[in-house]
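Peer 1: These are the residues of each chain, in order.
There are 2 protein chains.
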Amino acid sequence: MAIVVQKYGGTSVGSIERIKNVAKRVIKARTSGKEVVVVVSAMAGETDRLIGLIKEITDDPPPREYDMVVSAGEQVSAGLLAITLCNMGCRAKALLAYQIPIITDSRHTSARIERINTESILKELEKGYVVVIAGFQGVDRAGNITTLGRGGSDTSAVALASALGAELCEIYTDVDGIYTTDPSIYEKARKLKKISYDEMLEMASLGAKVLQTRSVEFAKKYNVRLLVRSSFRDVEGTLVCKEDEEMEKVVVSGVTYNKDEAKISVVRVPDKPGIAARIFRPLTEEGINVDMIVQNISHDGFTDLTFTVSEKDFKRAFELVKRVAQEIGAKDVEGDTSIAKVSIVGAGMRSHAGVASRMFETLAKEGINIQMISTSEIKISCVVDVKYTELAVRVLHDAFGLEEEEVKEEK
Amino acid sequence: MAIVVQKYGGTSVGSIERIKNVAKRVIKARTSGKEVVVVVSAMAGETDRLIGLIKEITDDPPPREYDMVVSAGEQVSAGLLAITLCNMGCRAKALLAYQIPIITDSRHTSARIERINTESILKELEKGYVVVIAGFQGVDRAGNITTLGRGGSDTSAVALASALGAELCEIYTDVDGIYTTDPSIYEKARKLKKISYDEMLEMASLGAKVLQTRSVEFAKKYNVRLLVRSSFRDVEGTLVCKEDEEMEKVVVSGVTYNKDEAKISVVRVPDKPGIAARIFRPLTEEGINVDMIVQNISHDGFTDLTFTVSEKDFKRAFELVKRVAQEIGAKDVEGDTSIAKVSIVGAGMRSHAGVASRMFETLAKEGINIQMISTSEIKISCVVDVKYTELAVRVLHDAFGLEEEEVKEEK
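Protein sequence lines correspond, in order, to chains A and G. For the first sequence, our numbering gives the first residue as 1, with consecutive numbering after it. For the second sequence, our numbering gives the first residue as 1001, with consecutive numbering after it.
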């Protein structure tokens, strides 16, 4: 029998009423003849409650005990769902990571899955049970509870789907799929039927918060078909899968934006080897992630270096860079937090020319100045003044015809 | 180094503030040169919250999953205490039942401890850690989480103290020891310095709610010295230990009462063999515990049979007994819920004559009618009208001189 893995997020199991709805979906899949493995997150708010208790004690807890505390939320929701299923007449068994086991390394709070013993799961499936698994958690070889990082239940689900050879990994969440852009910004946003792993990865890293980036990487690596769909409404979702011919015909699949970035420019840096390293090393050491980096060509031995960091790191980054700038003889350091990054993503860019220029022209026509540009194989990002974010998203969505059901091929 | 086991109940770890106080006590014991093993209950209210979630689904949950859900509370409090200790500079490690393991049978929701692997605990103690253990939980041989029944953390602590050969098992709770009677009923109640296991068992089963009966049985069986004391106030507690000479001199150690009982009388039953069994079998089958049973001598082939059950079972028991009474030709069944059981407990009863008659005379002098009497080696219980409960407790407390520091020997 075909195995399907269903993952339900925190809002989907946020109350007993909602857990009952989840149980109905599970039973529907079961009675349609599938073997069902369910992965659950903690009830909405529960992980935050547990983290809040820890924060009342310290901001620097021992990571082993931190994991022990925060993993309790998934233990409860897994047990509750199994109880609900049994109560509805569907045989179900809840399993924790150590009972399977889902073996991870010992990097507490952000552990990586190393091995899943599927035998224990298959045994229960054979007996006719629905298996409900606590997401987010693992166990290291010494038997300590580990966790996979925030949103780790997605990764649990994908890893289990891969290990079990499931035909599909359904991710049930509070949105009903992946949209061409944020529907709250543009009402013409359209739900995608299909999207490639790479596009999804770009979308996720650019601010679309539906799936955890790591789970998509995992799905891509092991070729797990992901179906993102709503646990509240019975509508078709979005399939995340391998790129196919059809996708290549689509130039742009989505427009994303991110307002949580800030820009730092180091002005008139002496253009010598090792300068970039001097600037970025202290940031790395402080755990500050740099996103876009742009360095212009050199004039008379001087150059300008501009980069973006997330807004929450801006203050610390700015102070660090000011110190280094002095040491390396740069003229000045400028910062700007009122920026946004607007991006277009599409696997079709690889085979279609003129996408970048169409993006730039579209923004120019509206008088939106582009402050920075960065590109990858399948995305183009522009930094603009934050006040133009919504306008930029809308005009780009129109320019690439994303509202239409069948997107036209570039002529 | 000597090992001490400290157990903290739900109110003692009811908030982060209180957990910090617990940590201070633990550190005090540690710095006084003891190896400390701490057993914790769930934060006050947490187990009830989890049971409440289950009850929203069903009153008849699968016991395995029930245990998985309700055991999460102790996992959280154990982790939080270890985090607090580390934050205060005391190396600490939290352990769950499966990590030790504490092996139990598979009787979910009321499992019995079969074996504790002390090696894992001793290893951490040797490394200089304080070991914090989640109470109430165990794991069966198949790796399923079990729980030891309500109040099971006491049993966890005693079993661990026994297995580790601890010199003392300290039970920290919200009262500061065992009293001669309930201080809220009689202000002359005096805290006992010492009490024997048997006396404590009688007191517990008679309604003193400080210690779980099973944990006392366990302590008696393995000769674990229990010290009951307050986690809020730094005062001497009560030692529960083997009976010694000093105790034997004391005639009565305490007066207890229980208002949660109800009386059922089967009137004019034909006195034939097998009648009692006919009456009590259906009660047993329905899980109704019978406490006192009194059968008077027979007159002309008929007898009266009276017994007590807990008030919550009264209605069901009454219906069952009425049905049986008809079948066996009893004249009538009478019920009464407005009764109370008042008892005196004392190891000295064994060697002192006249205790019972002094009890009966004391009650008679106040015009309190005794409806039923039942005795054991070290206790005498009388059922009286519930309205006399407080009066009976006070006059008996006085009659046996319990308010005095050194109780006089019977003359």
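Everything labelled a hint here was simulated from the structure, so no lab data went into it. Treat the numbers as computed from the prediction; the structure is a model and nothing was measured. Among the hints, erroneous ones may be present.
To be verified - Stretches of chain G that chain A covers, calculated by requiring three or more beta carbons in the stretch to come under 8 Å of a beta carbon on chain A: (1) 1210-1221; (2) 1321-1330; (3) 1357-1371.
To be verified - Part of the chain G face toward chain A, derived, beta carbon under 7 Å: (4) G1014; (5) M1068; (6) V1069; (7) A1072; (8) V1076; (9) G1143; (10) S1265; (11) V1267.
Idealized CB from N, CA, C, for every residue including glycine.
Peer 1: It remains to establish, for every hint, whether it holds in the given structure.
Peer 2: Hint-by-hint comparison with the structure:
no., hint, result
1, 1210-1221, "violated (count 0)"
2, 1321-1330, "violated (count 0)"
3, 1357-1371, "violated (count 0)"
4, G1014, "violated, 12 Å"
5, M1068, "holds, 4 Å"
6, V1069, "holds, 4 Å"
7, A1072, "holds, 4 Å"
8, V1076, "holds, 5 Å"
9, G1143, "holds, 5 Å"
10, S1265, "violated, 40 Å"
11, V1267, "violated, 43 Å"
Figure legend: structure checked against the earlier numbered hints; hints not met, in rising order: 1, 2, 3, 4, 10, 11.
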